[in-house]
Structures are given as C-alpha cells and as structure tokens.
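Chemist: Sequence:
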Amino acid sequence: MSQTIKSGYKQTEVGVIPEDWDIPTLGTFVQSLEAGISVNSVNEISAFSHEKHILKTSCVSKGYFYPNEAKSIVPIDITRAKTTPQNGSIIISRMNTPDLVGELGFVGNSFPNLFLPDRLWQMQFRSNIKTNTRWLAYVLSSKPISKKIKESATGTSNSMKNISKGSLLSITFPSPSFTEQTAIANALSDMDALLSELEKLIAKKQAIKTAAMQQLLTGKTRLPEFATYTEDTPEGKKKGQPKVMKTSELGEIPEDWEVIELGDKTIFVGSGKTSTKEKGDFPLYGSTGQIGTCKNRDYKGDSLLIARVGANAGTLNFVSGNYGVSDNTIIIKLQKDEDISFYKYLLIRKNLNSLVFGSGQPLITGSQLKSLKVVYPKQEEQTAIATILSDMDDEIQALEQRLHKTRQIKQGMMQELLTGKTRLPFDQTKQQGEAHAD
4 MSQTIKSGYK QTEVGVIPED WDIPTLGTFV QSLEAGISVN SVNEISAFSH
54 EKHILKTSCV SKGYFYPNEA KSIVPIDITR AKTTPQNGSI IISRMNTPDL
104 VGELGFVGNS FPNLFLPDRL WQMQFRSNIK TNTRWLAYVL SSKPISKKIK
154 ESATGTSNSM KNISKGSLLS ITFPSPSFTE QTAIANALSD MDALLSELEK
204 LIAKKQAIKT AAMQQLLTGK TRLPEFATYT EDTPEGKKKG QPKVMKTSEL
254 GEIPEDWEVI ELGDKTIFVG SGKTSTKEKG DFPLYGSTGQ IGTCKNRDYK
304 GDSLLIARVG ANAGTLNFVS GNYGVSDNTI IIKLQKDEDI SFYKYLLIRK
354 NLNSLVFGSG QPLITGSQLK SLKVVYPKQE EQTAIATILS DMDDEIQALE
404 QRLHKTRQIK QGMMQELLTG KTRLPFDQTK QQGEAHAD
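Numbering of the sequence shown is given in our numbering, commencing with residue 4 and proceeding in unit increments.
If you are wondering where the hints come from, they were derived from the structure by calculation, not from laboratory data. Possibly wrong hints are sitting among the right ones.
Straight-line distance between alpha carbons at most 30 Å, and here's what the computed DSS-like set of lysine-lysine pairs gives [said to hold, decoys possible]:
id : residue 1 : residue 2
1  : Lys-336   : Lys-373
2  : Lys-203   : Lys-347
3  : Lys-268   : Lys-381
4  : Lys-246   : Lys-74
5  : Lys-74    : Lys-133
6  : Lys-381   : Lys-336
7  : Lys-146   : Lys-13
8  : Lys-65    : Lys-133
9  : Lys-212   : Lys-13
If you anchor each label on the Cβ, the simulated ranges turn out as follows [stated by the list, open to error]:
id : residue 1 : residue 2 : range
10 : Glu-281   : Asn-43    : 51 to 57 Å
11 : Ile-132   : Asp-80    : 51 to 57 Å
12 : Ile-211   : Ser-274   : 34 to 40 Å
13 : Leu-427   : Gly-254   : 56 to 62 Å
14 : Pro-147   : Thr-409   : 19 to 25 Å
15 : Lys-280   : Glu-383   : 42 to 48 Å
16 : Ser-199   : Ser-10    : 50 to 56 Å
17 : Gly-273   : Val-17    : 55 to 61 Å
18 : Ser-278   : Tyr-69    : 40 to 46 Å
Here the structure is a predicted model, which is why all the values come from computation and not from measurement. We put the CB at the ideal spot given by N, CA and C, even for glycine.
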C-alpha cells in the first residue's frame with residue numbers, strides 16, 4: 004500500500020520533504036576541507052607564555068565547539084602550526100574512535116591563537132552559494148546525518164576509523180532555501196541559548212552548594228539558631244554569648260562540636276553479601292549505584308553505600324527501602340538518633356577517593372571508614388545543616404530535569420525542522436530569485 008503524501012510535499016531517496024526543498028551533497032556547499040598539522044604539545048594549558056595552543060579532537064562534539072579543549076604548543080613547533088578556527092566555520096573529526104569519528108562543531112568566533120591538528124578538518128565554503136553554516140552544522144550533527152557520516156568511516160582497526168574527503172562530501176540531506184535555512188538556524192540557536200543559560204545556572208547553584216558545604220560542615224558559618232548560647236551554662240557561658248572556635252585535630256571547629264571516629268556513631272560497617280546471580284523484585288546496588296535486581300531483601304532502611312574496590316572505589320550513594328548490596332560495596336548504617344543525610348554530605352566533602360590505596364586494584368576498607376575522623380555537632384544542628392543542603396540539591400535536581408527536558412525538546416525540533424515536517428514562518432519574498440543548490 005503506497006504512502007499518502009500530503010499536499011506540498013514529495014517523496015525522495017531521503018524520505019518525504021517539502022516540494023521546494025532539494026537534496027544536495029555536502030560538496031555542494033563545501034569547497035574544500037582544510038586540515039591542520041600535529042605539533043609537539045603538553046597538556047598544561049598555561050605551560051608557556053606564548054598562548055599558542057593546538058586543539059584536541061575532543062574540541063568538537065554533537066554540533067558544539069569547545070575551544071578550551073586544547074594543549075599548549077611546545078615553543079619550537081609554533082612556526083609549524085597552521086589552520087586556525089574561523090568564525091562561521093565547521094570543524095569535523097576525520098580520524099577517531101568509531102564512536103567519535105565524524106563528531107563536529109560550529110565555530111561562533113575566530114580564534115587566532117588556536118590551531119587544528121591533522122585529525123581535524125575545517126570546512127571551507129563555496130562563495131557562489133549562500134549557505135547558513137550554523138544551519139548546516141545542525142543538519143550534520145542531527146542523528147540521521149551524523150549516523151551516515153560515522154558509517155562512511157573506514158579502517159581495519161576496531162579502535163580507529165578514518166573518513167575520506169570523497170565520502171564526506173558525498174553525504175546527502177534535505178536543504179531549503181537560504182532564507183529558510185536562516186529561520187531554522189535562528190530557532191535552534193534560541194534553544195541552544197536557553198540550554199546554555201540553564202547549564203550556567205546549574206553550575207552557579209552547584210558552586211553555591213559547594214561553598215555552603217565548606218562553611219556549614221566545618222562550622223565556619225553557623226546557622227543563627229546555633230551561633231549563640233540559648234541559656235547560661237555551668238562552664239560560665241552566658242545566654243546570647245557567641246560561640247567561638249577551638250583548635251582540634253581537624254583544625255578550627257566550633258567550641259560546642261566534637262571530633263569523633265565515624266565508627267563511634269555506626270551500628271554496622273561492612274561489605275554487602277547479596278548474590279548477584281538471582282534476579283528478583285528488589286533493587287540490587289553495587290559500586291556504581293543500582294546494577295540490577297535481586298531475589299533476597301538482605302537490607303532495609305537508610306544506608307550509605309561506598310564502592311569498596313576498583314575504579315569507583317570511594318564513590319558514595321544513599322539508599323533506602325528494601326534492597327540488596329553486592330560484595331564490592333561497603334554498607335554504613337548509623338545509630339538511631341544520627342541524621343544520615345548530614346553524614347552523607349560530611350563524607351562527600353571528605354572526598355573518600357583520597358583514602359583509596361593499591362595500584363593494581365584500588366581498594367577502600369571498612370576499617371578505614373570506621374576510624375575516619377569527622378566533626379560532630381549535636382543532632383539538631385546536623386538536621387538543620389542537612390535540610391539546607393538537601394534543599395539545594397532538590398533545586399539543582401529540578402534544574403537538571405528542566406535541562407534534560409529542554410534538550411529533548413530541541414531534539415524534537417531538529418527532527419521536525421531539518422526535515423521540513425514542520426515549517427517555520429519566514430519572509431518568502433526574500434527567497435524569490437534564490438537559486439537552490441544544484
């Protein structure tokens with residue numbers, strides 16, 4: 004049964020597109036592909052005073068260009084470097100792993116002190132064809148076209164693939180007039196601007212939370228209700244008198260805080276024992292979080308889980324309910340009156356990865372954790388601190404969910420706009436006389 008094509012559209016080798024759209028090759032728009040030269044460099048970006056840097060292949064990803072992904076050129080090789088990123092160009096990875104080959108990014112500014120290596124190409128566009136290169140970057144980074152580009156890569160090695168100029172320039176895709184290209188690019192750029200603002204806001208909120216953890220979990224900043232004495236004390240402290248700092252083995256801490264070993268406030272610290280072989284109805288946790296399900300409910304209630312061995316050793320997670328825990332993970336259960344959320348933040352700030360030892364198989368032990376020195380405010384202050392930090396986490400999580408949703412919306416827009424399924428209003432009088440790509 005043939006597909007019914009709605010009015011104003013036509014069937015083509017790339018699917019149904021608007022009647023006034025074409026299907027050019029990339030070579031229709033691109034005059035040439037200019038590579039750089041690989042030079043000797045060091046990872047430290049400020050290693051030398053000359054400020055000349057060579058880009059890494061990781062500088063392009065999913066349509067974006069990241070100029071900070073660069074290394075410092077060794078001075079003797081500066082004169083060899085060539086090809087700098089130009090405003091409005093597109094840079095593509097011509098040689099990389101199967102997953103990363105063909106990744107590309109739109110360059111929004113010129114960077115005279117950055118240079119391309121030989122594994123990156125910069126597209127040089129034809130002067131006789133009007134092209135909105137930002138639109139073209141969106142097209143080439145869209146899922147179906149990006150898949151085409153990656154599949155065109157060849158090479159006998161499973162770890163490294165190459166794209167030839169001929170195969171890249173022969174890639175085809177739907178193309179509207181320059182006027183409509185610009186309308187599409189502007190709409191998607193607006194979404195990118197929104198995504199960028201959300202990312203900046205999340206980074207700002209995370210920085211505020213990090214600063215709050217630094218201040219609240221050391222007692223350098225006290226919440227108002229805990230900053231002064233609420234009554235006279237046998238030690239001679241007067242009601243309303245500010246609480247001062249004292250010297251401890253962990254540095255300066257509030258005079259009404261203590262230093263304890265973590266094990267002093269736990270009822271259990273040990274490795275999980277749940278079988279990972281039998282699937283069931285309960286979540287099974289391992290070193291990276293939930294890793295599956297299990298038949299037996301070996302643990303219940305609130306716990307802190309610490310990855311015990313391997314690359315993730317020292318990673319912390321909070322769990323609750325009924326669950327199982329694998330043997331590569333340490334379980335910490337606290338005494339009844341302790342606020343587990345407070346200890347979660349305390350241990351996050353402690354950076355447990357620093358306790359890991361062993362080069363062959365990194366490891367952290369329950370004994371290390373039990374003997375870990377930590378500060379200890381009274382339970383009421385623990386809860387107050389944890390509540391503030393939890394509220395910050397909730398706000399960050401809500402923003403991250405909004406960011407995820409916005410990314411999904413943008414992907415949907417790309418699928419609709421770049422194929423012509425949805426048309427944007429634009430000034431069609433401007434496209435009168437515009438020549439489509441032949």
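Chemist: Could you check the structure against the hints above and give me the numbers of any it violates, in ascending order?
Modeler: 4, 5, 9, 11 and 16
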